[in-house]
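Work the whole structure out from these sequences, hints included.
Sequence lines, in order, name chains A and B. Here the first sequence stands for residues 1 to 189, numbered as in the working numbering. Here the second sequence stands for residues 1 to 606, numbered as in the working numbering.
Since the hints were derived computationally from the structure, they do not count as laboratory data. Quantities reported herein were computed from a predicted structural model and do not represent experimental measurements. Just so it is clear, CB atoms sit at the ideal spot from N, CA and C, and this is done for glycine as well. Treat the hints with care, since some could be wrong.
[Claimed, not checked] Estimated spans, in silico, between C-beta atoms of each pair:
hint : chain 1 : residue 1 : chain 2 : residue 2 : range
1    : B       : D34       : A       : I121      : 52 to 62 Å
2    : A       : R167      : B       : M15       : 52 to 62 Å
3    : A       : G22       : B       : G400      : 48 to 58 Å
[What the hints assert, rightly or not] Some chain A residues close to chain B (C-beta under 10 Å, calculated; not the full set):
hint : residue
4    : V17
5    : E18
6    : A25
7    : G29
8    : L30
9    : R33
10   : R50
11   : D66
12   : Q67
13   : V69
14   : K70
15   : L75
16   : I76
17   : V79
18   : S80
19   : F142
[Stated by the list, open to error] Sample of chain A residues at the chain B side, in silico, Cβ under 8 Å:
hint : residue
20   : G22
21   : R26
22   : Q71
23   : P77
24   : V78
25   : R156
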Amino acid sequence: MSPYGTDRRHHTLTVLVENKAGVLARVAGLFSRRGYNIFSLAVAPSDDERFSRITIVVDVESAPLDQIVKQLDKLIPVVSITELAPAAARVRELLLATVEAAPDTRGQIIQLVGVFEGKIIDVGPDRLTVMLAGAPTKLDDFEDLIRGYGIVELQRTGRVALPMLDRSDQRPRAGAGVTGPAHHPEKAG
Amino acid sequence: MELTGAQALIKSLEMQRVEVMFGLPGGAILPVYDPIIDSSIRHILVRHEQGAGHMAEGYAHVTGRPGVAMVTSGPGATNIVTPLADAYMDSIPLVVVTGQVATTAIGSDAFQESDITGITMGITKHNWLVTEPSDIPRVVAEAFHVATTGRPGPVLIDVPKDVAQASMDWYWPEPDDLDLPGYHPVTVGDPELVRRAASLILEAERPVIYAGGGVLKARAAEGLRELAERTGIPVVTTLMARGCFPDSHPLCLGMPGMHGNYTAVTAMQKADLLIALGSRFDDRVTGKIDAFAPGAKVVHVDIDPAEHHKVRHADVAIVGDARIVVDQLLAALDAAGLPGSAHTRSAPGGSPADASEGGASLPGSEAAAFPRSRLVPWRATLSQWQERYPLVYDPADTAGGLKPQMVLETLRDATPDDTIVASGVGQHQMFASQWWQFDHPYTWVNSGGLGTMGFAVPAAIGAKVGRPDRTVWAVDGDGCFQMTAQELVTASSERVPVKIAILNNAYLGMVRQWQEMFYEERYSEVYLSPDLPDYVGWAEAMGCVGIRVESPEEVGPAIDKANAVDDRPVVIDFRTDASEKVFPMVAAGMSNDDIVVDPSLVGEGR
Numbered sequence: 001m002s003p004y005g006t007d008r009r010h011h012t013l014t015v016l017v018e019n020k021a022g023v024l025a026r027v028a029g030l031f032s033r034r035g036y037n038i039f040s041l042a043v044a045p046s047d048d049e050r051f052s053r054i055t056i057v058v059d060v061e062s063a064p065l066d067q068i069v070k071q072l073d074k075l076i077p078v079v080s081i082t083e084l085a086p087a088a089a090r091v092r093e094l095l096l097a098t099v100e101a102a103p104d105t106r107g108q109i110i111q112l113v114g115v116f117e118g119k120i121i122d123v124g125p126d127r128l129t130v131m132l133a134g135a136p137t138k139l140d141d142f143e144d145l146i147r148g149y150g151i152v153e154l155q156r157t158g159r160v161a162l163p164m165l166d167r168s169d170q171r172p173r174a175g176a177g178v179t180g181p182a183h184h185p186e187k188a189g
Numbered sequence: 001m002e003l004t005g006a007q008a009l010i011k012s013l014e015m016q017r018v019e020v021m022f023g024l025p026g027g028a029i030l031p032v033y034d035p036i037i038d039s040s041i042r043h044i045l046v047r048h049e050q051g052a053g054h055m056a057e058g059y060a061h062v063t064g065r066p067g068v069a070m071v072t073s074g075p076g077a078t079n080i081v082t083p084l085a086d087a088y089m090d091s092i093p094l095v096v097v098t099g100q101v102a103t104t105a106i107g108s109d110a111f112q113e114s115d116i117t118g119i120t121m122g123i124t125k126h127n128w129l130v131t132e133p134s135d136i137p138r139v140v141a142e143a144f145h146v147a148t149t150g151r152p153g154p155v156l157i158d159v160p161k162d163v164a165q166a167s168m169d170w171y172w173p174e175p176d177d178l179d180l181p182g183y184h185p186v187t188v189g190d191p192e193l194v195r196r197a198a199s200l201i202l203e204a205e206r207p208v209i210y211a212g213g214g215v216l217k218a219r220a221a222e223g224l225r226e227l228a229e230r231t232g233i234p235v236v237t238t239l240m241a242r243g244c245f246p247d248s249h250p251l252c253l254g255m256p257g258m259h260g261n262y263t264a265v266t267a268m269q270k271a272d273l274l275i276a277l278g279s280r281f282d283d284r285v286t287g288k289i290d291a292f293a294p295g296a297k298v299v300h301v302d303i304d305p306a307e308h309h310k311v312r313h314a315d316v317a318i319v320g321d322a323r324i325v326v327d328q329l330l331a332a333l334d335a336a337g338l339p340g341s342a343h344t345r346s347a348p349g350g351s352p353a354d355a356s357e358g359g360a361s362l363p364g365s366e367a368a369a370f371p372r373s374r375l376v377p378w379r380a381t382l383s384q385w386q387e388r389y390p391l392v393y394d395p396a397d398t399a400g401g402l403k404p405q406m407v408l409e410t411l412r413d414a415t416p417d418d419t420i421v422a423s424g425v426g427q428h429q430m431f432a433s434q435w436w437q438f439d440h441p442y443t444w445v446n447s448g449g450l451g452t453m454g455f456a457v458p459a460a461i462g463a464k465v466g467r468p469d470r471t472v473w474a475v476d477g478d479g480c481f482q483m484t485a486q487e488l489v490t491a492s493s494e495r496v497p498v499k500i501a502i503l504n505n506a507y508l509g510m511v512r513q514w515q516e517m518f519y520e521e522r523y524s525e526v527y528l529s530p531d532l533p534d535y536v537g538w539a540e541a542m543g544c545v546g547i548r549v550e551s552p553e554e555v556g557p558a559i560d561k562a563n564a565v566d567d568r569p570v571v572i573d574f575r576t577d578a579s580e581k582v583f584p585m586v587a588a589g590m591s592n593d594d595i596v597v598d599p600s601l602v603g604e605g606r
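So, in structure tokens, the structure goes:
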């Protein structure tokens, strides 16, 4: 089984933080000193330049999710935390891979990339670099299938996620817990 | 008005009404020391930066105001790491300013450079590296706000030398100018949860109020007393909460925990309801957590939501300031018909008219159905335990030296009731907490969570600076004293007349006790010698009065002599019995049900 497999242990936290020096270190340091496991981590600017968004997939077997969220919320630069249970999130990830592609297997790889709706982004005499975006399980499957051809290098970005939309009123579905001053009375002191 | 960053920093501290700061200058912080000459702020020059931090903690403990310390970069900053960690564990508001190498040199391994914001990330509530002189007033205002609101704690401001030297246009930020979009502490409890807590209180048959340091931080002692007296519920006060409820009060059970008294420990074990106010179920209180208070429901009031369910699941978890929530609880109990005076508080809407009638209620009347009559069997059980398992020692057995308990009893009885007591960490700390009678809040200054040896001397100095009107005694061990004694030079030169009682048993006493009990009396690296150093000579060399006490009859006169000195510090070297152990004791990792009382009480059945 792929180490990237999704299961119920892995909850996604999207954390809005102040866009200031050292904030990522504060978040990572908190996880390390309290013994929480980070499964994946992605950081990027948000649509508001004052804030960045950190998407953390946490292993809730290492500590209760409630504790992880509350301890994160105590960090002063953390503005809000949205918790997405596996069933309530749209989760996506990007994969880049350079694969051995000798003339006799090249066609098969190209076909596989087509089936998975990926892209070929670089071509060498005997190697291809391919790109695939999608749900983590889809990336897992793709990775398993290309492994047989010989993976030279592979990178995955870590997950980003947004709450699944409710078809009726487009509010976040139940299970997408939100903390933060606007939504949650339990902001840490 | 154009100021340098350094001038702006000192002016900002003045704007925060800082009256005193503790520190020691050095290269990177040099620019900030210059405007101190012209400032209204009293600066106390310490002999080691750790002393500055602990003094600021002692000051904060007794005044309720943030303690302020300032040190230089590199080693100056790393020397204050221990006090920051200590203050973080015990939720003490501190503002520490550190110098830093110039912004252009940061990251280059410059002389006396250390990444102090990185180092202290995990032991401060927050910290700031200031990169623009124009940020200084806002950052100082933010730092004081963060340190003193919500769950209090230490903060650190790192100021590079070039930022201190550059100029800026002075301003003072309005509250709205603070840039803290992620910081909104909740102080008022959720009314529905308060109502549920009140109904648990009304139903309980064996309730205990488990008061922690948060009661003192929230200035909630008065409300706690009203809650206890009106409900008749007994109170245990943790090591951090000693004094928040008077030890002399009939409802006070004293200190719970590893060296708590039998009744306090066992009352929690047998309780059907724990009302935790500003306490955090520390392992030294709970013992083995799976076996802790197995039959108790828990109401947990804490301003830090992360404390809820962290160690022990709470049936009702209320986020809020202890003072405010206790007042809410009283109002909710009024509304539910709790008898007793409520005239000092605004009556809650819809409460029965008879609920706010003043005067004592009559047992047996309908209004008094709760709670006193229901608690009679519980209170009787507690009284039996108190009678059967008091704190004891044998004062007649003086062959091995003075009994530390006897020294503390004599000291307690020879000093004013509102004397402030600071302690280090170890046997002497536990003896002091057990044998002192704390009847006033903010009279006990100690290192609870971190357990910092060497805390007592500088903390006592800081306390005396904050409360010069009070008598301040440090109860210290000989091991602890040797860690920070040099600050008595500071006390002498600054005319801070603290008094130090060293319980000198020539050992690292608590470690010795554990080696005796759990390592088959194999004493490894715990012997210190009673005469090296010569404590009296050392005290005198530091400008203090030094007194040595070896026999019981000298104890009282020596204390009287020390109490009469008010122009310099006094150090008394009490030669105590190394074989004396702290009891009761719950061994590490054991259940509180396995509490070991003083051997002299065994045999009468437990």
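**Request:** List in ascending order the numbers of the hints, as given earlier, that are violated by the structure.
**Result:** 19 and 25
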